[in-house]
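Put chains B and C on the given structure of chain A with help from the hints.
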Amino acid sequence: MIEDDFYRTSSQYRLWSFTEASLKAQRATTNAVASDRVRAAIRRAQEARRSATSSATGTPVPEVDGGGGGSTSTSTSKAEEKPIECLTPEEEQQTVSYYCEQIIQLGEAYKPPLPTIVRATAIQYLRRFYLTNSPMTYHPKQIMPCALFLATKTDNYYMSLRQFADGVPGDTTADDIIAPEFLVMQSLRFTFDVRHPFRGLEGGILELQAIAAGQGQPAPHAPPTQNTPELLRRNLFALPPPTTTTTTSTNPQTTTSSSSSTTSTSTSTITSSTPATAAQIKDRIARAHHNTRELLKSAAQITDVYFLYTPAQIWLAALMVADPPLGEFYLDTKLGTPPTTTTTTNDQTSGQLAALRAKLTQTLTACATMLRSYHPLASDPEQMKTLRRIIGKKLYHCQNPEKVNLSRPGGGGGAAGAKRIPAAAAAVAAAAAAGSGAGESGTSESEMERLAKKRKLEQGAARSKDIFGGELVMQRTKGDHH
Amino acid sequence: MPPARDAMANRGDDDEVCPVCKSSRYLNPDMQFLINPECYHKMCESCVDRIFSSGPANCPVAGCHKTLRKARFRKQTFEDINVEREVDIRRRVMQILNRREEEFDSKRAWDDFLEQREEIIANLVHGTDVAKTEGDLQRYASENMRSIRANQAREAQEASSFKEQQTHEQELARLRREAAKQEYENERRELQASREDVLTRLAAGRPGDAAAIAREGKKVLLKKSSARRSEEDRIRQKQAALRNSDARKAGQAGTAADKADAAGDSGLIKGLKKIVTPEPEKPYDPFGGIIPNKRDYYTLRDYYPSSYLDPLRQDTRMQAGGYDLQEYYSRTLMEAFAGLGCFIDEEVAQRDPAGSLGASGSVATQGASLAAVSTAGTLDPS
Amino acid sequence: MAVSPSVLYPASYEAKVTSTTIKPDANSSENSSYQQNQFPPSHSNNEREITEQLNDDVRLKYIKDKRLGEGTYAVVFLGHLRTKPASFVAIKKIKVNAEYKDGLSMDAIREVKYLQELSHPNIIALHDVFSSKDQNLNLVLEYLPRGDLEMLIKDTNIHYGAADVKAWMGMLARGVWFCHENFILHRDIKPNNLLIAADGEVKLADFGLARSFADPYLNMTHQVITRWYRPPELLFGARQYSGVVDIWSMGMVFAELLLRVPFVAGNTDLDQIAKICEAFGTPTEDNWPGVTKLPNYLPTDSSHVVPLQGRDFFLRQFPTAGPVGADLLMSMCTLDPKKRSTACRVLQHGWWSTEPKPTDKKNLPRKPDGIEKMGHDLTRRGGEVDDTTFKNAARQLNFSGARG
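Top to bottom, those sequences are chains A, B and C. End of the first sequence = 482 in full-length UniProt numbering, gap-free, step of one. End of the second sequence = 382 in full-length UniProt numbering, gap-free, step of one. End of the third sequence = 404 in full-length UniProt numbering, gap-free, step of one.
Check each hint, because a few of them may be wrong.
[To be verified] As a list, the in silico DSS-like pairs of lysine-lysine whose alpha-carbon atoms are at most 27 Å apart:
1. 282(B) x 362(C)
2. 273(B) x 361(C)
3. 362(C) x 273(B)
4. 107(B) x 362(C)
5. 22(B) x 70(B)
6. 66(C) x 133(C)
7. 294(B) x 359(A)
8. 66(B) x 22(B)
9. 111(A) x 297(A)
10. 367(C) x 66(C)
11. 282(B) x 361(C)
12. 101(C) x 111(A)
13. 282(B) x 357(C)
14. 338(C) x 294(B)
These aren't lab readings, by the way, just hints derived from the structure by calculation. Note that the structure is a prediction, hence the values are computed from the model and not measured.
Okay, chain A solo, but in the shape it has when bound (with noise of 0.2 Å):
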């Protein structure tokens, strides 16, 4: 089909798609790279300690652990002591889906809120940069806000540093938002274009619409008998209701999608006796419209589905979730009904359809399983909790203290990423020194746990005002310090 070799020549085909072998196996060999590298670092660390400390008057280096003042010196012989505990790959997914949540986020505290195509960039950017590099050795919270800004540029949604920066809570600042830029596109291998499924939906209702006015144009390929616009819209109009499960007498093989979906919404009066009406039509695909469109801007971000599928079988598979028997109707006006009925299947064209059909019945279905798997974890205190063992505990004791600092020369660009700029590094101290918060890991364990709890309780109060999920204390604001 000429739209499939469309896609194909799109860079998120030929470099972003996986199966989910592979995309299993690149995270495995990404997370496996970062712990020895994360181990050796830390060992280094200590040793540099332990020589510094000997030699010196025994006051410990600020840079190692970021100066967090009076801990310091406990947790890092705790860290000596035992082995050191990596993140696992699934940890590390969780943490950077946790990211992409704060995303969506961030991006509604700007006023206006940035659209939602800029944060689904900066989504699939983030996801993208976390294939080949592990939270241990990137904090995701130095790296979210550059990818943020960085989609706002390449989408065409520009503004200035400085006007980006001001939208960032915290004492995150220009430079500290910018650093990592040239890293950031050296993992996105500089390829800047996200197929998105937004646009699809829109040219899938548009259709639909057009359906619903006796407008509908047959698809090229389509079995004649479906061919007529006014065939086409007395079908859209039979059609069943939304959340009913009763199979159709034409699709027979509907239940494969048709399991309960997101609509629970759907309070329509249809039933799949008598024919709707033109406005419960319309009503209808506006529903489907919204629900699908909310599916795309969360679900289908957080999950895997863009690395597995195309964003053709991403919008339809929403639309499966939000209304099955409208997103059956619609493939049948494209691919004819699923070949089951077999008594048809006589001339080639159709036989063709047909198969592809199936085949897509199948891979629709299982992306529509992975959008439903999907639940937000700030919504579910289990998933919360779980979190904040990973990255308020684990994830800062296995942090690549190499790397923590991203200033922007040399930061990151090819050999030199792992050098120090003398005078950023000063400046972090300066401000570890001052109080001020010091943004870098600078808070000892047990204020940590100490400020979760507290956390608990203000637990659903407000939740979405703290952009980077307060209770995750990564970044300290000035009051929660002392």
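Below, chains B and C alone, put in the same frame as chain A:
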């Protein structure tokens, strides 16, 4: 066909005798001798008329049984009948083996070809391996008919274009001469006119202005002539440019036709360039091979009812700026279906076989082959 | 290549691409990292991070030979594939830290973003991108040694005819059409952005001002396209426009190819508008509905209203194009963007099939010393304008030297 050696022995001017009727030039000063390239036996014109006027007949020379036709009798060009014969053979072989240097891969291949051609000629002249050589030659001729014809045509064209060019150049020279003459005439006339002008002005003006008027007159004259000259130059250049491009195009057409032969290498000639594309003058395709607006999943409409988009049609500013909803429709629908039939799990697994870096074909090729597969069916609506 | 929306001809197309581009080593190098999403396996010592390994794989594929040109924004080198010394590339090194405090500049981002997605014989190929030390961005571009169209237009020693113009315009129109088929506006079409490959193919270059089509109701900047090639709707400040802005530029290039001087060359934006009115007619509500509502529209003195020019005018001005060619040019230079031909319509025009046939690209007039020109063209800064703050119309349009 052994040459008639005995005929050769008989030479001289006045005492030349027709071997058939034995009449001699001494008695008949107007006597003309003719030969036939079948056997090269010489005989006088009246014998030819007498024997062959009523149709093909055997050569009257004793022992020669060749059947000869009157039409092929001609005058002898070279005194030595052996030379005459060799030249004939050479001409015939060269007409068949008429490959050109540019058709060969290398200088070496071309030289080999020339050597081979000489050998064939020598074989035929000296009568070695005649049957086989003739066979090869005939086979080659029938297999490479088109290329032989094309090269013949080209030679003819070259010969005639050389002639044409010569006459063309002469014509150009003539035109140039005439133009120069005309120009000179114009200049002379203008000079005259301006002189008269200066004179009348001098006559009318005050005496003090005389020098100024004279100077001015000269300047104007200079300007005029140089302006005209540059204008003429420009026109001439332009014409030359157009002529050149026309001539070049004619040349191209010739080459394209020659290449049309797919060189069915009969094995006789080695080292011919592989002719890449037979390109039989394909019509120019502005789209470069892509079919515009062809879609497989949907048919684009001019208008889609939408409460969100409809106000845009009434927005004068957007309309005046040229914003085109058609472009948006086209994009949303393309994106709605781009990749619907790409099954990543299969295609990626094929494309990047695990662990083997860079061992698979490029994506583009793969896309193309997939596309070929998908059109192999009857999905083409046309 | 990229398969354009074509199913029928991909194979031949592919062949064409292979013959015209350097196609970095078909079997190993190109596929290994540029085309594939296979990441290198974990190394036992893990000296470098994965992203660095990937980058080095690309970087080490090429060797930089000599410097071709240098600007404030970029340096261009001649380079070649390590494995194949005869396969030349142009490596454009963008100085990331040059002066832009907001990270990588928009034009570099745009150029990389869109060239990564476009693959067509008439669009400059981006073979690879890699970073070198000090965070420099290196774009490995197709090597186009024969200069650009501007050079050919200006060189009075080069003679060309209608068939040559048709060939060049055909290639330009294909490139533009392909951009539009991919929903990308080029927004800076002009002769010195049209580079010429060794085989004579014209390639659209400099995507520093490109962007994808805007969705409904969203604004775009009107401060794009070099002034002489800028369509009237942009001069009047339209914020919502379509692909036909590029068509106007194409029309101007067409006219310039025929005249060998820029056709409408204003000194300022206002002067440009005045010259356009003089040449093509004064825009009015009659011939261009809504024009008076455009933000920067300036009412014309009613005594200076020039009637819209008809076919005769174009035929008189451009006799070389012939009546059909003049008609095509007219359809590209229509004031009202709604009435202007789209790229597809341009390619469907009858001119392409009328005599003379377009010259075969191998036989097009050429200049031998185009390499340096390519160096110059590629160092030129692309778009400098951002999409929302147009007040600081930053794009430098330096016409005296024609490159900055």
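request  = If any of the earlier hints don't hold here, list their numbers in rising order.
outcome  = none
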